[in-house]
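Since the structure of chain E is provided, determine the placement of chain H on it from the hints.
As they're listed, the protein sequences go chains E and H.
Read left to right, the first sequence gives residues 1 to 302 (the working numbering).
Read left to right, the second sequence gives residues 1 to 326 (the working numbering).
Treat the hints loosely; a few may be bogus.
To give an idea of the chain E side of the interface with chain H (calculated C-beta under 7 Å), a few residues [claimed, not checked]:
| hint | residue |
| --- | --- |
| 1 | Phe145 |
| 2 | Ile148 |
| 3 | Leu149 |
| 4 | Ser156 |
| 5 | Ile157 |
| 6 | Gly161 |
| 7 | Ala233 |
| 8 | Phe240 |
| 9 | Ile263 |
| 10 | Thr271 |
| 11 | Ile280 |
| 12 | Met283 |
| 13 | Asp290 |
Treat the hints as calculated values from the structure; they're not laboratory data.
These numbers were taken from a predicted model, which means no experiment stands behind them.
All C-beta atoms in this analysis are idealised placements derived from N, C-alpha and C, irrespective of residue type, glycine included.
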Amino acid sequence: MTVETDGLGAPPAALPPKSLWRRFSANPVALGGLIVFVLLAVMAVFAPWVTPQDPYDLSSISLLDNLRPPGSTGVSGQTFYFGTDPNGRDMYSAMVYGMRTSIFIGLTSALIALMIGATVGLVAAFAGGWLDAALMRLVELVLAFPTILIALVLMSIFGSGIDKLLIAMIMAQWAGFARVTRSAALVEMEREYITATRAMGFSRVRVLLRHLLPNCLPPLMVLATIQVADAIALEATLSFLGLGVPVTEPSLGLLIASGFDYILTERYWITIFPGILLLILVMSVNLAGDHLRNLLNPRLQK
Amino acid sequence: MVRFILFRLIQGIGLMFVIAALVFFAVFLIGDPVELLINPEATQQDRQRAIERLGLDLPLWQQFLTYLGGLLQGDVGTSWVYNRPALEVMLERMPATLELAIGAVLLSALVGIPLGLYAGYRPNTYLSRGIMTGSIVGFSLPTFWVGIVFIVVFAVELDWFPVIGRGDTVEVFGVSTSLLTLDGLHHAALPILTLALSRISLVMRLVRSGTQEILGQDYVTLARAKGVPERRILWRHVLPNLMIPLVTVLGLDFAGLLAFAIVTETIFSWPGMGKLIIDSIFSLDRPMIVAYLICVAALFVIANLIVDVLYGVLDPRISVADRGRG
Numbered sequence: 001m002t003v004e005t006d007g008l009g010a011p012p013a014a015l016p017p018k019s020l021w022r023r024f025s026a027n028p029v030a031l032g033g034l035i036v037f038v039l040l041a042v043m044a045v046f047a048p049w050v051t052p053q054d055p056y057d058l059s060s061i062s063l064l065d066n067l068r069p070p071g072s073t074g075v076s077g078q079t080f081y082f083g084t085d086p087n088g089r090d091m092y093s094a095m096v097y098g099m100r101t102s103i104f105i106g107l108t109s110a111l112i113a114l115m116i117g118a119t120v121g122l123v124a125a126f127a128g129g130w131l132d133a134a135l136m137r138l139v140e141l142v143l144a145f146p147t148i149l150i151a152l153v154l155m156s157i158f159g160s161g162i163d164k165l166l167i168a169m170i171m172a173q174w175a176g177f178a179r180v181t182r183s184a185a186l187v188e189m190e191r192e193y194i195t196a197t198r199a200m201g202f203s204r205v206r207v208l209l210r211h212l213l214p215n216c217l218p219p220l221m222v223l224a225t226i227q228v229a230d231a232i233a234l235e236a237t238l239s240f241l242g243l244g245v246p247v248t249e250p251s252l253g254l255l256i257a258s259g260f261d262y263i264l265t266e267r268y269w270i271t272i273f274p275g276i277l278l279l280i281l282v283m284s285v286n287l288a289g290d291h292l293r294n295l296l297n298p299r300l301q302k
Numbered sequence: 001m002v003r004f005i006l007f008r009l010i011q012g013i014g015l016m017f018v019i020a021a022l023v024f025f026a027v028f029l030i031g032d033p034v035e036l037l038i039n040p041e042a043t044q045q046d047r048q049r050a051i052e053r054l055g056l057d058l059p060l061w062q063q064f065l066t067y068l069g070g071l072l073q074g075d076v077g078t079s080w081v082y083n084r085p086a087l088e089v090m091l092e093r094m095p096a097t098l099e100l101a102i103g104a105v106l107l108s109a110l111v112g113i114p115l116g117l118y119a120g121y122r123p124n125t126y127l128s129r130g131i132m133t134g135s136i137v138g139f140s141l142p143t144f145w146v147g148i149v150f151i152v153v154f155a156v157e158l159d160w161f162p163v164i165g166r167g168d169t170v171e172v173f174g175v176s177t178s179l180l181t182l183d184g185l186h187h188a189a190l191p192i193l194t195l196a197l198s199r200i201s202l203v204m205r206l207v208r209s210g211t212q213e214i215l216g217q218d219y220v221t222l223a224r225a226k227g228v229p230e231r232r233i234l235w236r237h238v239l240p241n242l243m244i245p246l247v248t249v250l251g252l253d254f255a256g257l258l259a260f261a262i263v264t265e266t267i268f269s270w271p272g273m274g275k276l277i278i279d280s281i282f283s284l285d286r287p288m289i290v291a292y293l294i295c296v297a298a299l300f301v302i303a304n305l306i307v308d309v310l311y312g313v314l315d316p317r318i319s320v321a322d323r324g325r326g
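Same shape as in the complex, but just chain H:
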């Protein structure tokens, strides 16, 4: 187990190295690095000083090494807007984004699994057909528009939910969260629902097709022949076998959730990483963009690792240690 986790960690670090290199070449090779990295309002003298300070007069390979060296120490440059290390500012915003993403994953599982089980178990009822057509509507709806409609309906017309910010937060182990206060939950409800809507459709469709496939298996026929109640077949035989593909899709799609959090956060003025990256793109705060990409890559690697470990927990046939050797 430990060996396997180490193996995946090394793989993950390899992936992060590749991403860091890509980011370097994107920022340094496409376009003029001086223009990209130095505040356009700087004077000629400041420019010259900044070029020397940033080492932009050095050969490219040397710049790349400096960049990687900084990265290893958790330094991807200083944000021009905040005048603080970009990574530090980004990390401060991370809890706000993570609570949206995790909330959306939980909500999509809670709503999507029962609906998908039903649609797969009774595929020909009107309700099932409705669920399936509804799921197409669900993933056709662009996230930003869902957010706007929610604001119009639930915040403006009905006035049930606030529209802006995170509300009250509490510190848990040094991480601030709004999911543990009533006011915070009140603020988080609409953004989480917005983010979760397309995932709910995804989970529903996945569970439905999985259910149909599993119900045709011999062991289900055997269970039925033995007189096992249908409810027990669904919860004990079908659902556990669905968990592997479900965890895979939800885990691997975590990066997608972070990306759509950009949209959700922009609409609901939610102070997370997504709002920050959009603001940074518009203020041309390049170190911030680099910091964002590194953070997303790290979260992606961690999500993958969690998925791999969960495989072993969910399916006793899979020995995680074996996979590491393979």
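With the rest of the complex left out, here is chain E:
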């Protein structure tokens, strides 16, 4: 896959979206990743219509059905293709509802972190001086610690709840976006078009939002994809440790944790099935993101 560069060897300017999409979809693995993710997301959104029961509605589950192996028949005659969990929930339904939480939290936290990070990064690059220095020291401090540790400590202070989980995850994720935006913005600000917009007397806000931000988007898109995958895995990990989603809410991490107590008795399905779903979910995003990074990284376009 070759891309034309000008004779000076400078990286090509941002590509029009159509061409990007064509080059992205030319890679079957990346396209497959994207399709799988979209399918899973559609399943998650329409969870009540694609699952036989609402596993978090107590009236629809029966404790008599607990810990049934895959393919067995329940007390009211239904078939549990993926078995049931210790509470008698149909594993398939519980997994789809759990995935709903995973995708919601992954997308929401990464998007809000992106907005906060991009704003901080743009302001730092545009303002320069002490504000830039102060913001970047803060970013470095946050980045020095792994996201999981920050989120874990914040959750131990906040207590559990989906809203608190979102806040903790955003606080752990925004700094990466801020650093990427700032370095992209600093490169862009050296270019002639920014000087031109200034010469034309555009307001600062207009230059920032209409001219600087769109040109900083390619690296942000790559980071956002990776962060969505990371956020989904992070949520599952925190929930598994008991510091994420509260036990009354559906979550893949919680399902895996509830099955963990049973793996020594060979009731593997409670842990393994949601784990495989989680893996497919995270991998589909990563496969698409990995290819997107190759496409948008000017250093690899030779």
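Okay, now just chain H, sitting in the frame of chain E:
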């Protein structure tokens, strides 16, 4: 060299001060400090006494100074669960965590470097493509799930490895380790592999892209023109130039390894700092949480320092002393 190390040490102490301050404000400003710091089961009288003993009736700046003063003497409070200085309990657990982390770093280098070199040297073979896709699987797999699958496969089904604890340990210079006994290694194998899996992917990808970049350099072309054997080009020209970014990433990521050790230790009941912090979070043992964060910050500073010194060893062009002045 000495000047440089001193410079970085002072920087590190500065960083630890900032972290200590953040921890103070997190514990004292978010939420009611009385509720956070005093055992919720205490009686009203005990509460009053504890408030006075801990100085919680003093103004905030004075409390902060007391906290910092204690910190300088290595005292971050007494654990409510263990009834001993929290830092002391945490430090006892540190060797168990460090051996997992160091074992994982070594394993990821041993496995990741050869695979990455190959994938970068022959990027279009099926094996290389397999390695690259495998690396995506490797870092997509959440650590906790990897651990569970290892337990199901290698401990429950195949019964090759034990699941719980550290096994036999020996004392080396007063530090207990299970990496030097057969039984200990047997216990440590699965947790280390679990922790190392995502790092192996990381090293592989880093080495691969570095190899591709270096193979395009003029000095490699020159070496080939001179008729230097390919094997020698890889080991003498490519690998040494890869060491700097590799050491940077592995060193800076050490804190990440400690964080994921929390997950690994929880799953394998490994008695390290990570298991302790999770237990402490659930028992609301706040001094323990403070002790953990201070320990992680200190390890982070030390890892950075080692990385900086290694730069000078690995690349003769870098004079460490110069960097200190810059």
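We went through each hint and held it up to the structure:
Among the interface hints, the one on phenylalanine 145/E holds; its C-beta lies about 6 Å from the nearest C-beta in chain H, closer than the 7 Å criterion. This hint holds: isoleucine 148/E has a C-beta 5 Å from the nearest C-beta of chain H, less than the 7 Å allowed. A hinted interface residue such as leucine 149/E counts as satisfied when its beta carbon comes closer than 7 Å to some beta carbon of chain H; here the least separation is about 4 Å, so the hint holds. With 7 Å as the threshold, the beta carbon of serine 156/E comes within range of chain H, its nearest partner Cβ sitting at about 4 Å, so the hint holds.
For isoleucine 157/E, the interface hint holds, the least distance from its beta-carbon to any beta-carbon of chain H being 6 Å, beneath 7 Å. The beta carbon of glycine 161/E comes no nearer than 14 Å to any beta carbon in chain H, farther than 7 Å, and the hint placing it at the interface is violated. Checking alanine 233/E against chain H: minimum C-beta separation of about 4 Å stays under 7 Å; hint holds. Taken as an interface hint, phenylalanine 240/E checks out: its beta carbon lies about 5 Å from the nearest beta carbon of chain H, inside 7 Å.
The interface hint given for isoleucine 263/E is met, as the beta carbon of that residue sits about 5 Å from the closest beta carbon of chain H, less than 7 Å. Because the beta carbon of threonine 271/E sits about 6 Å from the nearest beta carbon in chain H, less than 7 Å, this interface hint is met. Nearest Cβ of chain H to the Cβ of isoleucine 280/E: about 9 Å, over the 7 Å cut. The hint is violated. The beta carbon of methionine 283/E comes within 4 Å of a beta carbon in chain H, closer than 7 Å, and the hint placing it at the interface holds.
Proximity of aspartate 290/E to chain H holds as hinted, the smallest CB-CB distance being about 6 Å (cut-off 7 Å).
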